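Participant: Construct the entire structure; sequences and hints are all you get.
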Amino acid sequence: MKKPVFYLLIGILGIFLIMGIFAPWLAPYSPYQQNLCQGLAPPSKAHLLGQDKLGRDLLSLIIYSARVSLLVGLSVVVISALVGFLVGAFSGVMGGAVDQVIMRIIDLLLAFPGILLAIALTAILGPGLGNVIFALSLLGWTGYARLVRGQVLVEREKAYFESARAIGAGWLRIIFRHLAPNLLGPVLVQASFGIASAILAEASLSFLGLGTQKLPSYGALLNHSLNFLRTAPHLTIFPGLAVFVLVVSFNLLGDFLADYFRVEEKAKKGW
Amino acid sequence: MSSYLFRRLLWFFPVLFGVSLVVFFFLHLIPGDPVLMMLGESARPAQVEELRHQLHLDEPLYVQLGLFFRDLFTGKMRSIFYHQPVFQVITPRLLATFELAVFSMVLAVIFSLPLGIISARRKDTGWDFSFRTFSLIGVSIPNFWLGPLLIMLFSLKLGWLPVSGRGSLSHLILPALTLGMAMSGFLLRISRASMLEVLNAPYLKSARAKGLSERLVIFKHALRNALIPVLTVLGLQFGALLSGAVITETIFAWPGIGRLLINAIFSRDFPLVQACVLVIAFSYLTVNLLVDILYALVDARIRFRGQK
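If you read the sequences in order, they're chains X and A. 7 is the number of the first residue of the first sequence in this note's numbering; add one for each residue after it. 964 is the number of the first residue of the second sequence in this note's numbering; add one for each residue after it.
Derived by calculation from the structure, the hints in this document are not laboratory data. Since the structure is predicted, the reported quantities are computational estimates derived from the model, not experimental observations. All residues carry an ideal CB built from backbone N, CA and C; glycine is no exception. Worth double-checking, as some hints may not be accurate.
Reference excerpt, derived from the structure (chain A facing chain X, CB under 10 Å, subset only) [stated by the list, open to error]:
#1 974
#2 981
#3 982
#4 1111
#5 1126
#6 1203
Facilitator: This is the structure in structure tokens:
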């Protein structure tokens, strides 16, 4: 990928991050301020992206929704990567029956396709930000655990691993001092794709009415727009465009990081 | 080959059991009393006790587990909302979902395979760039956005296709396009990468060296090997189709198992939720098993590994 595209991606993601963090200062109106007389009003000078059925400013709702998307995306990825790293490293290092049991648990969780388990869990636990993050993280860690375990199995055969063991280094020291730096690249690549998937999953849950109900979210905005496809198309176009741009940017960032770390690895090997 | 299939089948049943076990514990994860949650706070005590008994929640946990599996196998598990055995409610919906999923899959394959091959053969050209862009859009576009956009264009503006429902082929097109878009993007990406790898293989050079036409080289030699990774992805993506169907069916009011699941969630019909999740997971696992068997039939290396 060319550098200008990378800078463009960073710029777009930076804008979303700023939107998320500084939403109360950036949003022209409160996302809860209703004006029923102007419900479904199209874009105008006062409301650049128009108003929803309750007369709330769509631009403000989109700015606030970035907050939920990024919060869920980043939380799920941080929790998943941390749990996945610890479980994967433990599994790889212990080997034998422990490794087999952990891998079978992962197989079991992956037997539920896509966000099905998250749908079932949020249905049972009830909607809410915490439950959404929990439900998505419950599946999210499996990918990282597999990645880290695979890497541990490769690394433990190498000379440095044996030398570290020979001089009496404990497993924890080996994992954090020697293994973790080698895993930075693959984990970052997976994290970038992971944020995109978590954002999509959160929006899907909100669209189904199982996500965060009190906070504005792209999925919920799109769900509410379904009854007004003919009369107020702006309610569908703009929130969808926002979540689409966010997801594409993280997916492209993942591609870029994958290319970057592949090149770096080749350079290390002297190719 | 047979030992490979045997091992694969041997693993299939413990996973089914594990999935059922996870689903069994769903009811026990509900914060508070699940029976009160299903019936509401205003339910009469007699009603509460009756449902508690029907769901075996008045028994010790190990007995509940046994009765859960008994009800599952004998088809006695009942929906609270429909007052019918759950599988009677699910079967017609499952067929509708399969109809949609298979049509989406066929559309995705017909569309993305040729584009993937062209993209690989014309690597780094304008065609390649546009197909790759399409693939990225396909993978990233949320189906809960694409669906309404397609309705706005093809149903409301042009009036070519119906907005929702199930019936004729025209009802199937928009939901199938919505559901199959992500799969198209993914398959295009995989088929391009896989074709690129195969195109540089030495056996293709020898095929060309012996004077075969380019068409024969591609269709007889390259495609067969390039299809192997595509087949695996197809199996895995079928799962994505099944879970994606939950959203697509909600948008297009398609009477499938995904919409049934969401309705069951909102009517707090937890036995039906459990049954829907189980059936979707079972379908996914079965399709993956079939793909693995097919994979072994297509790829000689797996057959031989099995013999060893």
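Participant: Which numbered hints does this structure break?
Facilitator: Violated hints: none at all, because every hint is consistent with the structure.
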